[in-house]
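A.B. asks: Residue-level listing of the chains:
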Amino acid sequence: MAETLNDYLLRAGRLADGGLRFIDRGEQAVWVGWGEVRERALAVAGGLLALGVAPGERVALVFPTGVEFFAGFFGALLAGAVPVPLYPPVRLGRLREYVARTTRMLAACGACLVLADARVKRFLGEAVATARPSHGCRTLADLPAGGLPAAAAVAAGVRPRPDDLALIQFSSGTTVAPKAVALSHRAIVAQTEILSGSWHDDEAVRHSCASWLPLYHDMGLIGCVFPALARDASLTLLPPELFVVRPALWLRAIGRYGATISPAPNFGYSLCLSRVADADMEGVDLSCWRAALNGAEPVAPGVLRAFAERFARWGFSPAALTPVYGLSEAALAVTFSALDEPYRSGWYDREALARERVARPTPAGGSGAGAGEPGREIVSVGRPLPGFRLSVRDPHGRELPPRRVGRLWVTGPSLMQGYLGDAEGTARALRDGWLDTGDLGFLDDGELYLAGRAKDLIILRGRNHSPAEIEQAVDALPGVRAGCAVAVSWLPEGAPGEVLALFVERSRHATAAELAALPDACREAVLAATGLAIDRFEVLAPGTLPRTSSGKLQRSEALRLYLEGALAPPAPVTPLHLARAVARSSLAYVRWRVARRGKGLP
Amino acid sequence: MDTDILEGIAEVAREHLGWDGPLTGDMRLIEDLRLDSVRLLTLAAEVENRYRVRLDESDEAAIVTVGDLVETVRRKLG
Chain A
78 MAETLNDYLL RAGRLADGGL RFIDRGEQAV WVGWGEVRER ALAVAGGLLA LGVAPGERVA
138 LVFPTGVEFF AGFFGALLAG AVPVPLYPPV RLGRLREYVA RTTRMLAACG ACLVLADARV
198 KRFLGEAVAT ARPSHGCRTL ADLPAGGLPA AAAVAAGVRP RPDDLALIQF SSGTTVAPKA
258 VALSHRAIVA QTEILSGSWH DDEAVRHSCA SWLPLYHDMG LIGCVFPALA RDASLTLLPP
318 ELFVVRPALW LRAIGRYGAT ISPAPNFGYS LCLSRVADAD MEGVDLSCWR AALNGAEPVA
378 PGVLRAFAER FARWGFSPAA LTPVYGLSEA ALAVTFSALD EPYRSGWYDR EALARERVAR
438 PTPAGGSGAG AGEPGREIVS VGRPLPGFRL SVRDPHGREL PPRRVGRLWV TGPSLMQGYL
498 GDAEGTARAL RDGWLDTGDL GFLDDGELYL AGRAKDLIIL RGRNHSPAEI EQAVDALPGV
558 RAGCAVAVSW LPEGAPGEVL ALFVERSRHA TAAELAALPD ACREAVLAAT GLAIDRFEVL
618 APGTLPRTSS GKLQRSEALR LYLEGALAPP APVTPLHLAR AVARSSLAYV RWRVARRGKG
678 LP
Chain B
10 MDTDILEGIA EVAREHLGWD GPLTGDMRLI EDLRLDSVRL LTLAAEVENR YRVRLDESDE
70 AAIVTVGDLV ETVRRKLG
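Quick note, the sequences are listed as chains A and B, same order. Counting in this note's numbering, the first sequence runs from 78 upward without gaps. Counting in this note's numbering, the second sequence runs from 10 upward without gaps.
Hints are not guaranteed to be accurate.
Stated by the list, open to error - List time: in silico SDA-like cross-link candidates among lysine to any residue, alpha-carbon distance up to 20 Å: (1) Lys198(A) <-> Pro31(B); (2) Lys198(A) <-> Leu64(B); (3) Lys85(B) <-> Ala431(A).
To be verified - Here are the computed distance ranges between Cβ atoms for each label pair: (4) Ala131(A) <-> Asp13(B): 55 to 65 Å; (5) Gly27(B) <-> Arg102(A): 53 to 63 Å; (6) Gly87(B) <-> Arg173(A): 38 to 48 Å; (7) Ala71(B) <-> Arg209(A): 22 to 32 Å; (8) Arg236(A) <-> Gly27(B): 31 to 41 Å; (9) Pro472(A) <-> Asn58(B): 47 to 57 Å; (10) Ala643(A) <-> Glu24(B): 50 to 60 Å; (11) Asp13(B) <-> Asp279(A): 23 to 33 Å; (12) Thr12(B) <-> Arg102(A): 20 to 30 Å; (13) Ser626(A) <-> Ala71(B): 29 to 39 Å; (14) His277(A) <-> Gly27(B): 57 to 67 Å; (15) Arg236(A) <-> Arg63(B): 57 to 67 Å; (16) Glu386(A) <-> Glu24(B): 43 to 53 Å.
To be verified - Quick partial rundown of chain B residues pointing at chain A, CB under 7 Å, derived from the structure: (17) Glu20; (18) Met36; (19) Asp68; (20) Glu69; (21) Ala70; (22) Thr74; (23) Thr81.
In short, the hints are calculated from the structure, not lab data. Every residue, glycine too, gets a C-beta built ideally from N, C-alpha and C.
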């Protein structure tokens, strides 16, 4: 029984079909068995020890999807260090923002060394100069080779204990307040065993996974890599940037290599609907795909339905659709819906959900959700995984009965140790062995349904963003009241994914010209700073945004008011007002969808 | 500026980014074309695909406008 991630690596490579398959843009595959991954990692570990990297020190990794990432990641572990995967730069611009983020993340994790791809390394100069890791920034080739022989180094090196840190992952990349989630070997191994235990091999099937998810993302690394390693099985990997441009290559890889498991956030399924042509699917057989896991962002029921209908022609089974729930603070997965059944959804009274925080079942509506129906469709993300428990609580921390909406707390064997270097944040998130997820939800018949977020977090295309970063981008624009912008995202009914809204209060001294220029100026500033497109934008009178008694802006309350059509200077709420708000929000959605279609977007 | 390449990039923008307006060399990719990170990625990959060139990070760092992109492609093809 493995106790550490290192144990998995040291014993893997016994089976001929265990290893990594890297797919490039020409759909050529390069195979690297787990044994070879281990050999390469040992060489890196030898280099790290020769360099003087000490046990427990953090080694940041900035690599595209490829074998070098694995050599660096496992090399750091074998040397007793703690790997910290960071993301490589995005293409075409915004490098300043990339450097700023990377600098903050290097500082937050206290990295002693940055290992990077040769192409990426050239861009890290400024980040490295600012964060000053003691061993600088190196490519794998720059590591000293003549040190201790690698195997002896590992044998002599300190073997990590289960409670030592195994990995640090950032729950959201941000320049503002990066949260470095610290996970122990014990937590990672527990999560890996739970996931591996979900796939039972028999004579008929040997499970394998295909993934385009980034390796600095929990679903890509913890969800795909570790279970494949633990099971000594194969994992087919596509670079995320290739998937975004050619999503068909993901589906083709699943078919060609007979992958049974492949996860993606809602965004991935939605992108396939809009950007995969029938011609791309010629000869593809998706009948091997048993578990199309869908997590990391809210699951849109319309996308699930459309995906199942569209790809049934190529053998895709609706029973494969598996909505799941998890978060990086719990290492990854917390709940799974049933693996061999189609997904489930419930219809709940919209008004009761919003006003009374009660999930009152209503008759199922048509396939397209709309404001004309009293019910709102919510997809079940299933039941807790073995060892996990859920608790839905009211604002005073009291557990609520089923079908009451509250804040979701979870406990289980793979919770983080805390946020590295942030005792205050850790104390807020972890209490008496329970993790405050910051998500809102309810239980119905033992299954979890999510109903929004209480925490301040933007989730777009499966990736987390800090609202503060978006708000800061517009803070200094002429016409904006300083410190009075709020960014929120949510999944509108019937929409294929979350939308991003920005609410700004205008300055009391704003000129007419400044106000006229404000929408464009804000959109440009946010795009330039974060790469995110604003879907909805409101300029508000000074003092409109809700605040706490201490004057802090309340983002989730601002969103609630906006959705009720009440984000305006105090006005009486009447039934007519509400009806108008509902009509307005559904009209806004239709407009938004038409506009996106016009731009060729999903 | 190389007008053939500009026209080629305009075609990529129309086909893959849904850009239906005119495209001129002085337009900035982020601020004027309003490209978010996914669409920047799409533009880079589709331009590479069309011209069979490989842009690397050091090229890309200098690309701010459509004209910069045209110039980079021209240099690569040259």
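A.B. asks: Evaluate each hint against the coordinates.
C.D. replies: Results for each hint:
As the CA atoms of Lys198(A) and Pro31(B) are separated by approximately 37 Å, the hinted pair breaks the 20 Å bound. With a C-alpha separation of about 16 Å, the suggested pairing of Lys198(A) with Leu64(B) holds against the 20 Å cut-off. The hinted pair formed by Lys85(B) and Ala431(A) fails the criterion: a straight-line CA distance of about 57 Å is larger than 20 Å. The given range of 55 to 65 Å is respected by Ala131(A) and Asp13(B), whose C-beta atoms sit roughly 57 Å from each other.
Between Gly27(B) and Arg102(A) the Cβ separation comes to about 23 Å, which falls outside the hinted range of 53 to 63 Å. At about 29 Å, the CB distance of Gly87(B) to Arg173(A) disagrees with the hint of 38 to 48 Å. Range check, Ala71(B) to Arg209(A): Cβ separation about 27 Å, and the 22 to 32 Å hint holds. For the pair Arg236(A) and Gly27(B), the beta carbons lie near 55 Å from each other, so the given range of 31 to 41 Å is not met.
The hinted window of 47 to 57 Å between Pro472(A) and Asn58(B) holds, with their beta carbons roughly 53 Å apart. In this structure the hint that Ala643(A) and Glu24(B) lie 50 to 60 Å apart at CB is violated, the actual value being about 42 Å. Here the CB-CB span from Asp13(B) to Asp279(A) is close to 59 Å, at odds with the stated 23 to 33 Å. Between Thr12(B) and Arg102(A) the beta carbons are some 28 Å apart, a value that agrees with the proposed interval 20 to 30 Å.
Checking the proposed 29 to 39 Å range against Ser626(A) and Ala71(B) shows it is violated: the Cβ atoms sit about 50 Å from each other. For His277(A) and Gly27(B), the Cβ-Cβ distance of about 45 Å falls outside the hinted range of 57 to 67 Å, so the restraint is violated. Restraint check, Arg236(A) to Arg63(B): a C-beta distance of roughly 43 Å breaks the suggested window 57 to 67 Å. Our hint of 43 to 53 Å for Glu386(A) and Glu24(B) is violated, since their Cβ atoms are close to 26 Å apart.
For Glu20(B), the suggested interface contact is broken, since its CB lies about 13 Å from the closest CB of chain A, more than 7 Å. Annotation: Met36(B) was flagged as interfacial toward chain A, and the flag is violated, the nearest CB pair being 12 Å apart, outside 7 Å. With a cut of 7 Å, the hint placing Asp68(B) at the interface with chain A is violated, because the nearest CB-to-CB distance is about 10 Å. Interface hint at Glu69(B): satisfied, since its Cβ lies 5 Å from the closest Cβ of chain A, which is below the 7 Å cut-off.
Satisfaction of the interface hint for Ala70(B) is found here, the shortest Cβ-Cβ separation to chain A being roughly 5 Å, below the 7 Å cut-off. Among the interface hints, the one on Thr74(B) is violated; its C-beta lies about 10 Å from the nearest C-beta in chain A, farther than the 7 Å criterion. Among the interface hints, the one on Thr81(B) is violated; its C-beta lies about 10 Å from the nearest C-beta in chain A, farther than the 7 Å criterion.
Violation of the numbered hints given earlier is confined to hints 1, 3, 5, 6, 8, 10, 11, 13, 14, 15, 16, 17, 18, 19, 22, 23; the remaining hints are satisfied by the structure.
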